[in-house]
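Produce the entire structure from the sequences given, and follow the hints as far as they go.
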Amino acid sequence: AQSVTQLGSHVSVSEGALVLLRCNYSSSVPPYLFWYVQYPNQGLQLLLKYTSAATLVKGINGFEAEFKKSETSFHLTKPSAHMSDAAEYFCAVSEEGMDTGRRALTFGSGTRLQVQP
Amino acid sequence: GAGVSQSPRYKVAKRGQDVALRCDPISGHVSLFWYQQALGQGPEFLTYFQNEAQLDKSGLPSDRFFAERPEGSVSTLKIQRTQQEDSAVYLCASSLGRGIIYEQYFGPGTRLTVT
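So the protein sequences, as listed, match chains A and B.
By our numbering, the letter at position 11 of the first sequence is numbered 11, and the numbering carries on one by one without gaps.
Converting from the second sequence to our numbering requires adding 1000 to each position, the first position being numbered 1.
One should not assume that every hint holds.
Computed footprint of chain B on chain A, listed as stretches where at least three residues anywhere in the stretch have a Cβ under 8 Å from a Cβ of chain B [as the list claims (entries may be wrong)]:
1. 29-43
2. 46-58
3. 105-114
Away from chain A, derived, C-beta distances all over 10 Å, residues of chain B [unchecked claim]:
4. Asn1051
5. Pro1061
6. Phe1066
7. Val1114
Bear in mind the hints are in silico, worked out from the structure with no lab data behind them.
The beta-carbon is built from N, C-alpha and C at its ideal position, and this holds for glycine as well.
What follows is the structure, encoded as structure tokens:
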């Protein structure tokens, strides 16, 4: 079974500082990996996705993530935090190769990012 | 439409009541998903439709939960005899195609509170 672990339910950074949100996955086959952002009272918005092409994936709003198979990790980073980045971030995994007909995502429990002025 | 819409946005039900939650996916999207998001948790998969066919309902927590998409567009999630543990945000997502490479677009959710 696939699973996702997000280390740190809350992360606080200063405006302009590096953002690092951690995600480790467990999957029996090469996975597809995603980062979503959720603002209050809004649906989830896709930041970026890894689909077995380049291991360094660039997304929207200056975010990027690197797929490291040896570490089973897919950490999300942004060089310089902005106040508008304050939100909940979710890492998710899906296994396209399994012949189950299942196309759903398995989400981590989320990391709330606070940005201090 | 511009995006996935859900109604109502907020629903308060007394324990034992039945509720129906509606999802309007993006026009032309083949796949439709329902997720349940408890407070402070990530979304958890409930069920998946490809057009009108419900291909996976392995995430439905009990037989009180029922979903349908009769014409392959609008979907309804029904919860019978609601319990307090059903309190959560119910998210709907749709995607253009069948494969996982197709982005899932999420609606704003329906927040269900069972009192």
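Requested in this report: Could you check the structure against the hints above and give me the numbers of any it violates, in ascending order?
Outcome: When the structure is compared with the hints, none of them turns out to be violated.
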